[in-house]
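Student: As given, the protein sequences belong to chains A and B, one line each in that order.
Numbered according to numbering that gives the first Met the number 0, the first sequence spans residues 0 to 239.
Numbered according to numbering that gives the first Met the number 0, the second sequence spans residues 0 to 792.
Don't read these hints as lab results, they were simulated from the structure.
Heads up, a few of these hints could be off.
Some chain B residues flagged as far from chain A (calculated, every beta-carbon gap over 12 Å) [to be verified]:
no., residue
1, Ala-82
2, Gln-260
3, Ile-301
4, Asp-356
5, Ala-536
6, Ser-537
7, Gly-561
8, Ala-732
9, Phe-783
Quick list of the computed label-pair ranges, beta carbon to beta carbon [stated by the list, open to error]:
no., chain 1, residue 1, chain 2, residue 2, range
10, A, Val-28, B, Arg-6, 21 to 31 Å
11, A, Glu-89, B, Leu-414, 32 to 42 Å
12, B, Arg-6, A, Arg-40, 26 to 36 Å
13, B, Leu-414, A, Gly-41, 44 to 54 Å
14, A, Ser-91, B, Pro-415, 21 to 31 Å
Just so it is clear, CB atoms sit at the ideal spot from N, CA and C, and this is done for glycine as well.
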Amino acid sequence: MAVTPTESIAEQTERAGEPLIELAGVEKVYRMGKVDYRALRGVDLSIESGELVAVVGPSGSGKTTIMNLITGIDRPTKGSVTVDGRRLDEMSEEELAVWRGANVGIVFQFFQLLPTLSALENAVLPLDFARRGSHRERFERARQNLELVGLGDKVDHLPAELSGGEQQRVAIARALAADPRLVVGDEPTGNLDSVTADEMFELLERLNAEGKTVLYVTHDLELAGRAHRVVTIRDGVVAA
Amino acid sequence: MISAQLRKSISDLTRRRARTTFAVATLALAVASIAFFAIPTLIDDTMQQEVRANRLAYLSVSIRPLPLTADQLAELAAVPNVAAVEPRSSVNARVLVGERRAQALVIGVRDFARQRVDVVRVESGTTPRPGEVLADVQDANVGVYDGDTGDTLTVVGERGAAERARLAVAGRGRNLDGGEIVQDEELIVLYATTSTVEELSGEPEYSRLAFELRDKSPAAVASTVEALRRHLAAVPGFTGFDDLPDVRAPGDWPGKTETGQFADILSVITALALLSALVLISNTMTTLVAEQTGEIGIMRAIGARRRQIAAVYVTTALLIGALGAVVGLVLGIVMSSLLAQYFGSQFWAVDVGFGVDPTVLVVSLVVGVLVPPLAALPAIRRAVRTDLREALEATGSAVGGLDAGDRVLRRIAFLPRTMQIGLRGVGRRRRRSIATALIVALAVGNLLAFLGLSAAATQSTRTAWDSHLEDIRLWTTGRERFDAGAARTIRATPGVAEAQPALVNGVELAGEEAFVWGMPREPLLDYRLTEGRWFSASEEQARERVGVLERNIADRVGVDVGERITLATADGRASFRVVGIADNQQEDGTVLYVPLTTLRSVLREPAAVDTYWIRTTSPDEALVDRTATLLEDRLAALGYETGGEVTYVLARDQIAENRSITTTIAILGFLIVAMSMVGLANAITMSVIERTREVGILRCIGARARDIRRIFTTEGLVVALAGWLLGIPVGYALNRLLVWMIWEVVDVRVPVVFPPWNILLALVGTVVLALLVIFLPLRRAVRFRPGDALRYA
Numbered sequence: 000m001a002v003t004p005t006e007s008i009a010e011q012t013e014r015a016g017e018p019l020i021e022l023a024g025v026e027k028v029y030r031m032g033k034v035d036y037r038a039l040r041g042v043d044l045s046i047e048s049g050e051l052v053a054v055v056g057p058s059g060s061g062k063t064t065i066m067n068l069i070t071g072i073d074r075p076t077k078g079s080v081t082v083d084g085r086r087l088d089e090m091s092e093e094e095l096a097v098w099r100g101a102n103v104g105i106v107f108q109f110f111q112l113l114p115t116l117s118a119l120e121n122a123v124l125p126l127d128f129a130r131r132g133s134h135r136e137r138f139e140r141a142r143q144n145l146e147l148v149g150l151g152d153k154v155d156h157l158p159a160e161l162s163g164g165e166q167q168r169v170a171i172a173r174a175l176a177a178d179p180r181l182v183v184g185d186e187p188t189g190n191l192d193s194v195t196a197d198e199m200f201e202l203l204e205r206l207n208a209e210g211k212t213v214l215y216v217t218h219d220l221e222l223a224g225r226a227h228r229v230v231t232i233r234d235g236v237v238a239a
Numbered sequence: 000m001i002s003a004q005l006r007k008s009i010s011d012l013t014r015r016r017a018r019t020t021f022a023v024a025t026l027a028l029a030v031a032s033i034a035f036f037a038i039p040t041l042i043d044d045t046m047q048q049e050v051r052a053n054r055l056a057y058l059s060v061s062i063r064p065l066p067l068t069a070d071q072l073a074e075l076a077a078v079p080n081v082a083a084v085e086p087r088s089s090v091n092a093r094v095l096v097g098e099r100r101a102q103a104l105v106i107g108v109r110d111f112a113r114q115r116v117d118v119v120r121v122e123s124g125t126t127p128r129p130g131e132v133l134a135d136v137q138d139a140n141v142g143v144y145d146g147d148t149g150d151t152l153t154v155v156g157e158r159g160a161a162e163r164a165r166l167a168v169a170g171r172g173r174n175l176d177g178g179e180i181v182q183d184e185e186l187i188v189l190y191a192t193t194s195t196v197e198e199l200s201g202e203p204e205y206s207r208l209a210f211e212l213r214d215k216s217p218a219a220v221a222s223t224v225e226a227l228r229r230h231l232a233a234v235p236g237f238t239g240f241d242d243l244p245d246v247r248a249p250g251d252w253p254g255k256t257e258t259g260q261f262a263d264i265l266s267v268i269t270a271l272a273l274l275s276a277l278v279l280i281s282n283t284m285t286t287l288v289a290e291q292t293g294e295i296g297i298m299r300a301i302g303a304r305r306r307q308i309a310a311v312y313v314t315t316a317l318l319i320g321a322l323g324a325v326v327g328l329v330l331g332i333v334m335s336s337l338l339a340q341y342f343g344s345q346f347w348a349v350d351v352g353f354g355v356d357p358t359v360l361v362v363s364l365v366v367g368v369l370v371p372p373l374a375a376l377p378a379i380r381r382a383v384r385t386d387l388r389e390a391l392e393a394t395g396s397a398v399g400g401l402d403a404g405d406r407v408l409r410r411i412a413f414l415p416r417t418m419q420i421g422l423r424g425v426g427r428r429r430r431r432s433i434a435t436a437l438i439v440a441l442a443v444g445n446l447l448a449f450l451g452l453s454a455a456a457t458q459s460t461r462t463a464w465d466s467h468l469e470d471i472r473l474w475t476t477g478r479e480r481f482d483a484g485a486a487r488t489i490r491a492t493p494g495v496a497e498a499q500p501a502l503v504n505g506v507e508l509a510g511e512e513a514f515v516w517g518m519p520r521e522p523l524l525d526y527r528l529t530e531g532r533w534f535s536a537s538e539e540q541a542r543e544r545v546g547v548l549e550r551n552i553a554d555r556v557g558v559d560v561g562e563r564i565t566l567a568t569a570d571g572r573a574s575f576r577v578v579g580i581a582d583n584q585q586e587d588g589t590v591l592y593v594p595l596t597t598l599r600s601v602l603r604e605p606a607a608v609d610t611y612w613i614r615t616t617s618p619d620e621a622l623v624d625r626t627a628t629l630l631e632d633r634l635a636a637l638g639y640e641t642g643g644e645v646t647y648v649l650a651r652d653q654i655a656e657n658r659s660i661t662t663t664i665a666i667l668g669f670l671i672v673a674m675s676m677v678g679l680a681n682a683i684t685m686s687v688i689e690r691t692r693e694v695g696i697l698r699c700i701g702a703r704a705r706d707i708r709r710i711f712t713t714e715g716l717v718v719a720l721a722g723w724l725l726g727i728p729v730g731y732a733l734n735r736l737l738v739w740m741i742w743e744v745v746d747v748r749v750p751v752v753f754p755p756w757n758i759l760l761a762l763v764g765t766v767v768l769a770l771l772v773i774f775l776p777l778r779r780a781v782r783f784r785p786g787d788a789l790r791y792a
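All chains, please: the whole structure from these sequences, using the hints.
Tutor: Encoded structure:
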C-alpha cells in the first residue's frame, strides 16, 4: 500500500501555486431508502494553505457533506476532491484512514470521545493508530496538547467526569495529536455555551495563527464573521 | 389500518434485520428443541401399532426343550385365563456368512398362517416352506446378515459339525422379540417351520411358550403361571421353567425401558438447550430495548404513558415470539420426526411416521410466543423508569466507565491501546458481557460435562471388561447341562489353559431384575471389593448361602454387608447373607456372586454346570478364535448345543456400542454449544451495530481496519474466555448431575471423569469458535464507510 502518512507534515514543502484543498465539480447523492437525495449539486471550491474558513448555510444545505468530503469521511458521487495534492476520491478506505490520522484533525459537534478512555488516552489515540514515536513520546505530545487547551490538570479524567467545554477541549487536543496542517470542525462550538464557545474559537484562531489551515462549519453568523473567508452553501451549491 | 404503535414495532424489527433474524433464529431453536420431548411419544405410537400387529405375548416362559403334542398344547390353551398359546422351537446354529462363521438362532414356527400370539409377519418374499427361512428385518438393520430372498445360507448344525444344511432364504420376517434378540445379542435370527428346526436340532421340541391372557392383573398372571407350571409338570421331561416367566407390563414393548432411559437423558439435554436459549433470548430482548432508550425518551417527551411505551415493546417481543414459534414449530416437527424416524429405523427397523405430539405442540407455541415478552419485561421496566433527560440523551450504549470494576480494567495499561479499548468495552456493557459470558459458560459446561461423560462411559466399560480374566465363555443352550465328559473335552482342547465351571441364573431381588452367578472360590474374575470380603473356602465347602453383591444393585435396594437378601429364582425363593460388595459392573452391576456349590444346592442340581469360563494359553486373538471354534465343534460332536462369547470381541463391541451412544449424546451436547455460539455472535453483532458511530469516529481519527478488528476481537475473546473460565465449574457440576441422573434413571454407575485435557480442548474450541462467530460482524464493522457510520442511527 502506497501510504506515506508523514510525508506532508514534516518533509513536504508547500506546493507552489496549488491550493491546499480543491473541490472540482463535486456532486454528492445520498440514497435514503428508495429516494435519492442530492446533497451537493456541483461544488467548486479552493482553499489556500493557512486560511481560516467558515462554511455557513441553512440546515440541509450540504455544509457537513463538504466537510466530510474534505476529510475523506465521504466520497463524492461525481467530481474530484484534492487535499494537499492527493486525490481523496481515488484512495481506498484504508489509505484514507491512515491519511486522516496523519494530516487532518477533526473536531465534532458532540465531541465524540471514547467514553472508556481518559482525557490523555483519548488525546493520544491518533498517535497510537499512526504508530508514531515511542510510547513515552506519544504521551508527552498528548500531554502538551492537553496543556495547550488548558486541561493539564485533568488528564486522567474520563469524558463523563468532564464538562461539555472540557470535553471539546479534549477533542481539540485529540485533533492536534498528529500536528496536522488541516483542522476541520463540524459545528465545533455548537454544543457549548457562549463563553466556552468563545474560548474554543480563540484556540482555533491561535492554531491558525501558528500556520494551520482551519475550516469549520457553523450556524453562528458572529462566529462565521471571525473567519478570513466565509463560504456560503445553499441548496447544494456554493452561493458565495 | 394498523396503529402507529404496531407500525413502530414492525419497523423496529425490519430496521435491524440481522438482529431480528438472530432473535427469531435463537427462539426458533429453543422452540424446536422442545419438540425433542415428542420423540419418545412418536416412537411409542409406532411401537404400539407394532405390538398390535405382532400380537405380542403377555406372558412367555422359557423351558428346557420339550416335545409337546397338539393335545398337550390344546390343554395349555384351555388353562383358565389363557386366551391363546404359541409354542416356539429354536436351535442355535452357526451360519456361514461368506467365509465367516456367525452365530444364528433359528426359531421354529408351528404354522405361519395360524399364529395367534407373537406373530412372525412376512415382510417380504413368501412364507417359508420346509428347508427355507425368513431372515429377521433386524438382521440387515443391525448388520449381522444382509441376505434377502433368493439367497442360500449354509448352516452348520449343532449336531455333527461336518453336517452342513443349506437353507434358502424365502424373504424377510418381522417379530418384536426376534428383533430384540438381534439387537441385544447380535445374533442372526431366522424363522423357519418347526420341521426345519427339528431337522437342524434333531428333536421335535419347543423351548418357549408365548401366551395371550384374558385377565392381566398381577394376581391373575401369577395364578396362571402356577397353573401352567402344574400342567407342564405332567409332561414327561419338564424340569421347570428355565428362567423367571417373562410378563409384559401394560403398554410395554421390547426395548421400551431403554428408550425411556434414553429419552430421559435426552430430556436433560433438551432442558439444558432450552436454558441456554432462554438466557440468549433474554439477552437479545434486553439489548433491543436498551438500544432504544433514546426513542423511549422521545415517546415519553411527547406524552406517551409508560403502559403505552411498554405495549410497543411487548408487541415487538410478541412479534418476535410469534415468528420464532412458527419457524421453531416447523423446524421442531421436522427435526423430531427425522430423529424419531432415525431411532425407529436404527433400533427397531420400523417406519416411524411423520407425527405431531399435541401437548408438545401447545407447549412450544406458548413458550415461543410468551417467553420473549416475559424476557423483555425487566428491560422495558428499566427503560420506562429512566430519568427522562437521561433517556433523551442516551445514545443506545451505556456510558459506564466509572465504578471499581472499570478502574481495575483501566489499570491494565500494558496492552496495546486497541486491546484496552476492547477490554474496557466489556466492562462498559457489563450486564450484556456477563449474560454472554454465562451463555458461553453454559456451552463450555455442557461440552465438558458431555466429554467427561463420554470418557467415563468408555472407562466404565473398560473396567467391566478388564476384570474378566477368561478369554472365552461357553454355555449350553440345549437340554443338556455340561457333564464330566464335557469338562474333560474342554480341558483337553488345544489352546485351553484353564476352564472354570459356573452356573448362571436370572433372578429378582426386591422386584429388580438381577443375576446370580455360581462361581468357584477363586474365579477367573478380578473381583473388586468395595466392602466386606469374598466368600471363603469353608463357606464354599459347606454350601453356605453367602454372596458378594454388585454395588449398583446393593445401593439401589439398600443392602449392606452382613444383611440378608431374598432372591426370587426360577425354583422358588432363596435367602443369602451378603458378605461383600463388589464394583465390577457385571450385567450393569446386578450380579450376586455365590459359591457354585451353594447355587447348585439352591437349584437342587448338585452337579449342574451351564457355563465354562476358559482361559487360553495365550491372549493372542487368533489363538483365542481358533480355540473357541475348536471347542464349539468338539462339544457339538458330543451332542451339546452351545453358545459362546469371546471376551476380546465382546469388550470391543461394547466399547464401540457405548461410544456410539456417547457420540449421540455428544452431538446433542455440541448442538447446545452451537446455540450458545449463536448467542456470542448475537452479542458481538449487537456490540458492533450499536457502536457503529464509534467505529466511524475511530476511522476518522486514523484507525485502520486491523485496529478496529483488534478492538472487537479483544472484546469477544475476553467474554469468551470469561465464559470458558466460568464454564469449568459449571461443567464439573453438570457432569456430576448427569452421572447422578444416569445412576438414578438408568441404574448404571458411571465414574465422574473430568480430565484436564478436556478443559484445554474446550479452551481451544471456545477461542476458535469465538473467532469464527466474530468474523462476520467484524467484517461488517471494518467495511463501514466512516460517513455512513457517523450517520448511523
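Student: Look at each hint and say if it fits the structure.
Tutor: Taking the hints in turn, this is what the structure says about them:
Residue-level check passed: B/Ala-82 sits 77 Å from the nearest beta carbon of chain A, beyond 12 Å. At roughly 52 Å, the least C-beta separation between B/Gln-260 and chain A is larger than 12 Å, which holds for a residue marked as non-interface. Separation of B/Ile-301 from chain A is adequate, the least Cβ-Cβ distance of about 21 Å exceeding the 12 Å criterion. With a closest Cβ-Cβ approach of about 45 Å to chain A, B/Asp-356 is found to remain outside the 12 Å limit, as its non-interface label requires.
The claim that B/Ala-536 is not at the interface with chain A holds, since no C-beta of that chain comes within 12 Å of its own (minimum 79 Å). In this structure B/Ser-537 is separated from chain A by more than 12 Å, as the shortest Cβ-Cβ distance comes to about 81 Å. Listed as a non-interface residue, B/Gly-561 keeps its Cβ farther than 12 Å from every Cβ of chain A; the least gap is roughly 68 Å. Every Cβ of chain A is farther than 12 Å from the Cβ of B/Ala-732; the closest lies at roughly 34 Å, confirming the non-interface assignment.
In this structure B/Phe-783 is not separated from chain A by more than 12 Å, as the shortest Cβ-Cβ distance comes to only about 9 Å. Hint check: A/Val-28 to B/Arg-6, Cβ distance near 28 Å, so the stated range 21 to 31 Å holds. In this structure the hint that A/Glu-89 and B/Leu-414 lie 32 to 42 Å apart at CB holds, the actual value being about 36 Å. Here the CB-CB span from B/Arg-6 to A/Arg-40 is close to 34 Å, well matched to the stated 26 to 36 Å.
Between B/Leu-414 and A/Gly-41 the CB atoms are about 48 Å apart, so this pair conforms to the stated range of 44 to 54 Å. As the Cβ distance of A/Ser-91 to B/Pro-415 is approximately 24 Å, the hint placing it in 21 to 31 Å holds.
Against the hints set out earlier in the document, a violation occurs for number 9 only.
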